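**Q** Sequence order for the protein chains is X and H. Heads up: the first sequence begins at 0 in numbering that gives the first Met the number 0, then just goes up one per residue. Heads up: the second sequence begins at 0 in numbering that gives the first Met the number 0, then just goes up one per residue.
Hints were generated in silico from the structure; no laboratory data involved. You may find that some hints are simply not true.
Each pair may be met inside one copy or between any two copies, as identical chains are not told apart.
To be verified - In silico lysine to aspartate or glutamate, DMTMM-like type, Cα no more than 20 Å apart, as pairs:
(1) K86 x E101
(2) K86 x D294
(3) K286 x D173
(4) K86 x E223
(5) K30 x E297
(6) K86 x E321
Bear in mind the structure is a predicted one, so any value in this text is a computation, not a measurement.
Number of protein chains: 2
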Amino acid sequence: MPPGSRILGLDLGGTNIKAVLVDEHGDVLAKQSYTTEAQQGPQHVITRMSKLCEAICQTNGVNVASLVGIGIGSPGPLDIRRGIIIKSANLPGWENIPLRDEIQRRVGRPAVLLNDATAATYGEDWVGAGQRAEHLVLLTLGTGVGGGIVCNGEIVQGYYGNAGELGHMIIVPDGRHCRCGQQGCLESYAASSYLVPLAEEAARSGRGEILATLFRQNGRLEMEDITRAAGAGDRVALALWDEACRAIAIAIVNLQHAFNPKIVLLGGGISAAGEILLQPVRQHFEKRTWRMMNDQPEIRLASLGNDAGAVGAAGWFLHLHERGVV
Amino acid sequence: MPPGSRILGLDLGGTNIKAVLVDEHGDVLAKQSYTTEAQQGPQHVITRMSKLCEAICQTNGVNVASLVGIGIGSPGPLDIRRGIIIKSANLPGWENIPLRDEIQRRVGRPAVLLNDATAATYGEDWVGAGQRAEHLVLLTLGTGVGGGIVCNGEIVQGYYGNAGELGHMIIVPDGRHCRCGQQGCLESYAASSYLVPLAEEAARSGRGEILATLFRQNGRLEMEDITRAAGAGDRVALALWDEACRAIAIAIVNLQHAFNPKIVLLGGGISAAGEILLQPVRQHFEKRTWRMMNDQPEIRLASLGNDAGAVGAAGWFLHLHERGVV
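One chain only, chain X, in its complex shape (with noise of 0.2 Å):
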């Protein structure tokens, strides 16, 4: 590919569009994003989504025309082999909307559609904390957990283009209810949208001394409250937050004798809390992996945040595109 080449990325949530161009070696040359409007229905989302690949390209000078081309991570279930979202929680009416097509039928260049964890994945791997492992998995730490798999350097997708959803491994059989149906799933031990009611619910009964007294304050619990009285010693924050590391290291174990990565990287807004997340992780993982063999993972936090997903996109297109698969 000539230097110069530019690939854009898109990165369609419930909340906002983000668009990023990158260069052939991943470094991030613009950024902008639009309001998704979600409420207005998939025509309108699409062509604001279209109307932002024209405007960051006129931003910063380059021609639509010379883009190699476009990567487009979103949520899911999608069929990747034909660019379809099926249907989006965060994307009302959203039923097989061919997202894919319609961008480049409308930006007039070759396009991409993945799992938006997956492209987070692949950028992490690509030019984020994964450093070219090739081998990596992504967890990713927020209201939900999500995550994605990169093998040999290719994203693991499976047959039904859902792989990846590593919030729903079952950690304690018979434990949490978890909202997708199952017990004792990664998400109902690890994500913000179980632990704040656990910890509302406590603060709420009085146990808890820090959290009660947040709780008190502010009529309500966020997830920073919960990891801030954890570190100054709350017992019932420290206790949930602690189980969360041993579910979160759990999984890691479990995917290292799966897949041997090299590396795993804690991702998503929970892991904003740095070392106080890293640490007690790195210890449970120390406990509970076999002695066996030394092919255990780094555990190390993402590095590209909210872009990730963006540049993941444009990676993969990139990566296809060399392979002349696009």
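Got chain X sorted already, so can you dock chain H onto it with the hints?
**A** For chain H alone, coordinates are given in the frame of chain X:
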């Protein structure tokens, strides 16, 4: 590849070395095996392996020089990039043995080395019960629990080459102690080397009527006694067996969300139980998998039996050969 081409597959075990000659479609044209005589050391075993290659060719009128190449399945851990057996629990004295290059040199044909369970998985995908699903997991249930993963038609080896050690996924946090140093591994719930001693302990103390009778008769129990006693309603055997099937089902849920395979196969000695294994595993799986999407894998019995490793090793050689890797 010209019709009539032959590929040789080898499966190196602690007791036997198995060889198969296959054609480009994976049809097995001949099988032959030697005892390993592992106690006589690596050089002796490698000589036996190369003699077996010559013998199976000669018996079947195949010119060794006309072989496309040789795939070698072996217990690990391996250095797959360099074709080396790092060490092996079942092959005393094997440390850093360059098996691939030794076989290449002695037989005079190109070879590849891969993990035996991975080879079996590839074999099942290629010409066994996997029916070229290309997104497949094999769980081998025997003395221990192992397995392998095929993703997008490629075997998953991982960064360290130990991917597919599915018996050491943690199913029950802080559960049974496993020989690997972890607690709650699938293996410690579903392998005969754990189930038989537990059944014998119960039988010795008079629990489990049928088990106790068999134990009194034979002075010991075998895995088949447990499945048979469970089938006949023995309470102790039923409880052990149900716990094993539950653990297998939870592992399958976790593999579903990580890899999204089309098919999960159950192989190894314990899978000889057939429907007695398949039905409860499917029931536990149906009860425990999510309701969010219809991406449940089919759960089936493997079909190649003891040939899977040798056939899969040959198939993997062919796969790499067709891609110009060897």
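**Q** A separate judgement is required for each hint: does it hold in the structure or not?
**A** Evaluation of the provided hints:
| no. | hint | verdict |
| --- | --- | --- |
| 1 | K86 x E101 | within (16 Å within a copy, 54 Å between copies) |
| 2 | K86 x D294 | between (38 Å within a copy, 14 Å between copies) |
| 3 | K286 x D173 | between (23 Å within a copy, 11 Å between copies) |
| 4 | K86 x E223 | neither (31 Å within a copy, 47 Å between copies) |
| 5 | K30 x E297 | neither (30 Å within a copy, 43 Å between copies) |
| 6 | K86 x E321 | neither (30 Å within a copy, 38 Å between copies) |
The structure is inconsistent with the numbered hints 4, 5 and 6, although it conforms to all the rest.
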